Amino acid sequence: MKLHEKPLDKAQGRIDMTHGSGGRATARLIEQVFASAFDNPALAEANDQARLTLPEPGMRLAFSSDSFVISPLFFPGGDIGSLAVHGTVNDVAMAGAKPLWLSAGFIIEEGFPIADLERIVRSMAEAARNCGVSIVTGDTKVVEKGKADGLYINTAGIGVFRAELDLSARRVRAGDAVLLSGLIGDHGVAILAHREKLSFVTPLLSDSAPLNGLVEHLLASGVEIHALRDPTRGGLATTLNEIAGTAEVGIRLEESAIPVRESVRGVCEVLGLDPLYIANEGCLIAFCPQDQADRLLQAMRAHDKGRDAAIIGKVVSDSRFWVEMHTPLGGSRIVDWLNGEPLPRIC
Amino acid sequence: MKYIEEFRDRALADKLAEAIRVEAQAGRGRLYRLMEFCGGHTHAIFRFGLPDLLPPQVKLVHGPGCPVCVLPMARIDAAIQIAQIPDVVLCSYGDMMRVPGGKRMSLMKAKASGADVRMVTSPAEAINLAQSLPDKQIVFFAIGFETTTPPTAVVLKQARALGLKNFSVFCNHVLTPPALRWLLESGKDADADVPELDGFIGPSHVSAIIGTKPYEIATSDYGKPVVIAGFEPLDVLQSILMLLRQVNSGQAKVENEYARAVTRGGNIKAQELMREVFFLRDAFEWRGLGSLPHSGLRLNDSFAAMDAERRFPLTVEAVQENRACQCPAILRGAKQPADCPLFGKVCTPDNPIGSCMVSSEGSCAAWYSYGRGRKNDEAA
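Note that the protein sequences, when read in sequence, are chains A and B.
The first sequence lines up with residues 1 to 347 when you count with our numbering.
The second sequence lines up with residues 1001 to 1380 when you count with our numbering.
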């Protein structure tokens, strides 16, 4: 360890090409920035891989990966580090799994301030602690100035669940109710408002948050949940279209039932955006039989992350697999997939 | 946002819909063909499902009021050509990026092949870029009706005050009244492929700038009623009711449903600003409508140095549009999107053939995104 003892200049220092060389500078960076923040037994073994043990034999694994290229790296309500943890934890949790382990890959642009990197890494470590997961393996690469925009992070996550549990979009069927655990649009609009320097009396915060606690709570309610999904990129509209396509069903929404914060609605109105297509990082959609929907709703509302939950629609047979919505004025319209890319790089 | 909710009230909508039904029945079977000139209205109509609230006698015809849609391919090709000049950064509104030009090229594809094209939400962003990139030539791709013209004028004056040598504007601003006059004139001509209309739902934001006076030609010269309407769904329903009442009582006047933002004279300051910076082109080509006299703006001579058309040598040849694409007929109200053989099959928002499928204000995009399940007649 002596080789790495020379302290990094965390106040003024910047990442240079040597930090990605695999040599002494890399070791120093890993030691002083990553290992100290993520500290856990699997990582401390300092092998090329993490060796893991299932909590109970016979459990199944849920495995997911996500890359984060958000701009800016720090935003109201979070940063790329916490987002990279929540994003993957949530994807794993949507299987009803308990997320346990994450990997973290960093692609850093030459010249990136070490102070910013450390702040992001600490934020990741804190987010991981809050989610009850360990960051057990990782990788760091540095690319020349101009070949990346500051920092990109990839995380992959593994969770475990009992073999009898089966949460999958394929199980969604006509007659299911569609529930939403919270307000939509907060994340995308917070990033946008921050980028466009729009100011509000109450600043808009990203909803970036772990959902594994909520999922555990919902499973404990005993309601027969068919599927869970978190409506991130493409928003609620796109996620519902994905599910309708996979399950080969139609979905009918009630626009007035969908919870949207007034300020989010306002920003969307001014900028010509539709909250249905805005990314979320802290809410989920649940499908369960209609006759159990009220119980699931009560369970959601009893949890901190589900206070604003609502039943927003139902699943019907429809050979076109369309998502349609009743508007508050009594008309109806199709809710299509997201087209194009109105808000690039929000996750 | 309380202000908005008042214009989306279900009970009021039901009352208006009922009043429209009663008024339409009084017409004893006649049709009411009403054109919403502006793409913003088309969008609102579908987003709120308003066709479900209207009786079958009321036929809404979508107009040409979509700036992205009416720009001919040659202008898009010119923009692509500017973007491909070394050291040029072309700043464009997002909607414009995916519109196909000749050979199915677009600004998005030009960007992917190395041209520096940046999406902006206002011309002010282009000015900021010009200041932060002094070694680049920043060109703002200006499009739009009278609503977006004053902001372009403002940045041109700013750029001059700042002495910016690396900023120019590729000007494609167009005017509403000449297009309206063309529709009215062609509507009288049985040989022209333009429907005869019974009335117009007038634009919201454009009218806030130009006022209601320019629409008076519709009533005085052509005997057609016009109601200037806000963009909210209740505004649209109210204006439809007002048009039906005018038609049923044999009247043709300009009424202002959007009095909370529009006056007869309009925004005088904005009009003066436009006169100071732009002059009228002799003619400008519109997709679907053809070359219309005095319908487009260009930078006047005192701003010649910032006119991208004069700064860069452009060699754009006329291109053949996809013959099957019905955008031109849709823009003049002669066809509905579903009449197009490409609609929803070859031409979708992911793979747009015509501009009407790209822009969020385009009729085809609105039909596809919100109402493609409807049959032709139902949606009209």
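Treat the hints as calculated values from the structure; they're not laboratory data.
These numbers were taken from a predicted model, which means no experiment stands behind them.
Possibly wrong hints are sitting among the right ones.
[Claimed, not checked] In silico DSS-like pairs for lysine-lysine, Cα to Cα no more than 25 Å straight-line: (1) B/Lys1059 / B/Lys1157; (2) B/Lys1109 / B/Lys1269; (3) B/Lys1109 / B/Lys1136; (4) B/Lys1103 / B/Lys1059; (5) B/Lys1253 / B/Lys1103; (6) B/Lys1188 / B/Lys1157; (7) A/Lys197 / A/Lys10; (8) A/Lys197 / B/Lys1157; (9) A/Lys145 / B/Lys1111; (10) B/Lys1157 / B/Lys1136; (11) B/Lys1111 / B/Lys1188; (12) B/Lys1213 / B/Lys1165; (13) B/Lys1136 / A/Lys145; (14) B/Lys1059 / B/Lys1015; (15) B/Lys1015 / A/Lys147; (16) B/Lys1111 / A/Lys147; (17) A/Lys197 / A/Lys6; (18) A/Lys147 / B/Lys1109.
[As the list claims (entries may be wrong)] Chain A is faced by these chain B residues, among others (derived, beta-carbon under 8 Å): (19) Phe1046; (20) Pro1051; (21) Pro1233.
Just so it is clear, CB atoms sit at the ideal spot from N, CA and C, and this is done for glycine as well.
Against the structure, the hints:
At roughly 44 Å between alpha-carbon atoms, lysine 1059 of chain B and lysine 1157 of chain B are farther apart than 25 Å, so this suggested pair is violated. Only pairs whose Cα atoms come within 25 Å are accepted, and lysine 1109 of chain B paired with lysine 1269 of chain B is rejected, the gap being roughly 39 Å. The suggested pairing of lysine 1109 of chain B with lysine 1136 of chain B holds, with an alpha-carbon distance near 21 Å, which does not exceed 25 Å. Distance check on the hinted pair: lysine 1103 of chain B and lysine 1059 of chain B sit about 36 Å apart at the alpha-carbon level, beyond 25 Å; violated.
Between lysine 1253 of chain B and lysine 1103 of chain B, the direct Cα distance comes to roughly 45 Å. Violation of the 25 Å bound is thereby established for this hinted pair. For the suggested pair lysine 1188 of chain B and lysine 1157 of chain B, the alpha carbons sit about 42 Å apart, so the restraint of at most 25 Å is broken. Restraint check: the Cα-Cα separation between lysine 197 of chain A and lysine 10 of chain A comes to about 29 Å, which exceeds 25 Å; the hinted pair is violated. About 23 Å separates the Cα atoms of lysine 197 of chain A and lysine 1157 of chain B, which keeps this hinted pair within 25 Å; it holds.
At roughly 21 Å between alpha-carbon atoms, lysine 145 of chain A and lysine 1111 of chain B fall within 25 Å of each other, so this suggested pair holds. For the hint linking lysine 1157 of chain B to lysine 1136 of chain B, the alpha-carbon distance of about 20 Å falls within 25 Å, and the restraint holds. As the CA atoms of lysine 1111 of chain B and lysine 1188 of chain B are separated by approximately 44 Å, the hinted pair breaks the 25 Å bound. Straight-line distance between C-alpha atoms of lysine 1213 of chain B and lysine 1165 of chain B comes to about 39 Å, which puts the hinted pair past the 25 Å bound.
A distance of roughly 20 Å separates the Cα atoms of lysine 1136 of chain B and lysine 145 of chain A; the hinted pair therefore holds under the 25 Å criterion. Note on lysine 1059 of chain B and lysine 1015 of chain B: the hinted pairing holds, with a Cα-Cα distance of about 20 Å set against a maximum of 25 Å. For the hint linking lysine 1015 of chain B to lysine 147 of chain A, the alpha-carbon distance of about 60 Å lies beyond 25 Å, and the restraint is violated. Distance hint between lysine 1111 of chain B and lysine 147 of chain A is fulfilled; the C-alpha atoms sit about 17 Å from each other, no more than 25 Å.
In summary, the hint linking lysine 197 of chain A to lysine 6 of chain A is not supported, as the alpha carbons are separated by about 41 Å, beyond the 25 Å threshold. In summary, the hint linking lysine 147 of chain A to lysine 1109 of chain B is supported, as the alpha carbons are separated by about 20 Å, within the 25 Å threshold. Look at phenylalanine 1046 of chain B: its Cβ gets to within about 6 Å of chain A, closer than 8 Å, so that hint holds up. Satisfaction of the interface hint for proline 1051 of chain B is found here, the shortest Cβ-Cβ separation to chain A being roughly 7 Å, below the 8 Å cut-off.
Hint status for proline 1233 of chain B relative to chain A: holds, with the closest Cβ pair at about 5 Å, below 8 Å.
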